[in-house]
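Here's the letter readout for the chains.
2 protein chains.
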Amino acid sequence: MVRTRTPGTRERILSVAAKLFATHRFHEARMDDIAQEADVGKGTLYRYFQDKEALYHTLLDRAADELARRLDEADRSSTDPRVRIEAIVEMFLVLFDEQPHLFDLIQHAEVMHRPGRNFPWQRAREIAWRAVETLLAEGHRAGVWVCADPPLGTLMLLGGIRAVIRFGSPPRPSGLASRLTQMFLYGLR
Amino acid sequence: MVRTRTPGTRERILSVAAKLFATHRFHEARMDDIAQEADVGKGTLYRYFQDKEALYHTLLDRAADELARRLDEADRSSTDPRVRIEAIVEMFLVLFDEQPHLFDLIQHAEVMHRPGRNFPWQRAREIAWRAVETLLAEGHRAGVWVCADPPLGTLMLLGGIRAVIRFGSPPRPSGLASRLTQMFLYGLR
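If you read the protein sequences in the order shown, they are chains A and B.
The first sequence begins at 0 in numbering that gives the first Met the number 0 and counts up by one.
The second sequence begins at 0 in numbering that gives the first Met the number 0 and counts up by one.
Just so you know, the hints here were simulated from the structure itself, not pulled from any lab data.
Quick reminder that beta carbons are idealized off the backbone N, C-alpha and C, glycines included.
Be a bit skeptical, because a hint or two may be false.
What the hints assert, rightly or not - Some chain A residues flagged as far from chain B (calculated, every beta-carbon gap over 10 Å):
1) D60
2) D74
3) L94
Unchecked claim - Capping the alpha-carbon separation at 20 Å, the derived lysine to aspartate or glutamate pairs in DMTMM-like fashion look like this:
4) B:K51 x B:E10
5) A:K18 x A:D60
6) B:K41 x B:E27
7) B:K51 x A:E27
8) A:K51 x A:E10
9) B:K51 x B:D31
10) A:K18 x B:E109
11) B:K18 x A:E109
12) A:K51 x B:E27
13) B:K41 x B:D31
14) B:K41 x B:E52
15) A:K51 x A:D32
Please work from the sequences and hints to get the whole structure.
Below, the structure written as structure tokens:
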């Protein structure tokens, strides 16, 4: 008998795993529970993912790909650097609200991460830093704003967005991306 | 024979535990290792702290007290709201640089935290939010700046400081607190 892998099964496993990892300590989230919740046998589960770390890695890797794709789209949405900043802020808020387990997944993965092993979300961070730094430097050169320290500006903006996502909760107040962008660009005035 | 508790022993245990918790997965950090590193017997260790969670709790609780004390000091350092903001930014940078394990400890504790149990660092967060929100509202009322949304401003500032601490490393560039404050107050100009 030939057993085939189907996208539906793989997606179901990933979706169950995301929820379980985000709500349990890593060593408490069991492959048995993932198999049961996803309604597959343990043999099937292990044919798709060799262990919990592989599942984790796949989840974060896919989220990183999605972030890279949407960031690029937001960054190309206008020629006006101010509009592009706001599109990026909006993209982050929407992405994390669409995937309510992503934030906790990243945080768990980081704490569980063994030094020396590849940490998949680091790639997403570096993509985001580079995009924002480049945009801040571009706006500075074009005279749209003054930003002598794009890396510092990038940390301020992305750290601020993170705190809003982390300590607020959906539904977000309307116009949040715009207010956040205004505050970043123009400060308290 | 009467065994007494000495502050030296307690401090030594806490210092060893902070380092071990920050660098190991929670379930991998063993009371045995803490006892050995701190050069005390296991019986002594358990007389001071009944388990790993008690140790963790004590470490974060002390850090929260220290943060509250220094925040209050920074907030009273001037009558000028701009100077007070910068004093608070500087205080955060110094506090976390002085305690290099604190950041990871908080992150580990949050991921390991069981819902419904008291999470000691939450108290520190609320104290910091309240202080910054109050200051932003005061400056707004006094006409020093325009801040229609102090809670959002607070998240932006504290999230930005967190990112700078998390993704930079000591020694910090000179004037960092001042540049961070300028960017927050005046934006990109």
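Quiz item: Quick check: which numbered hints come out false for this structure?
Solution: none
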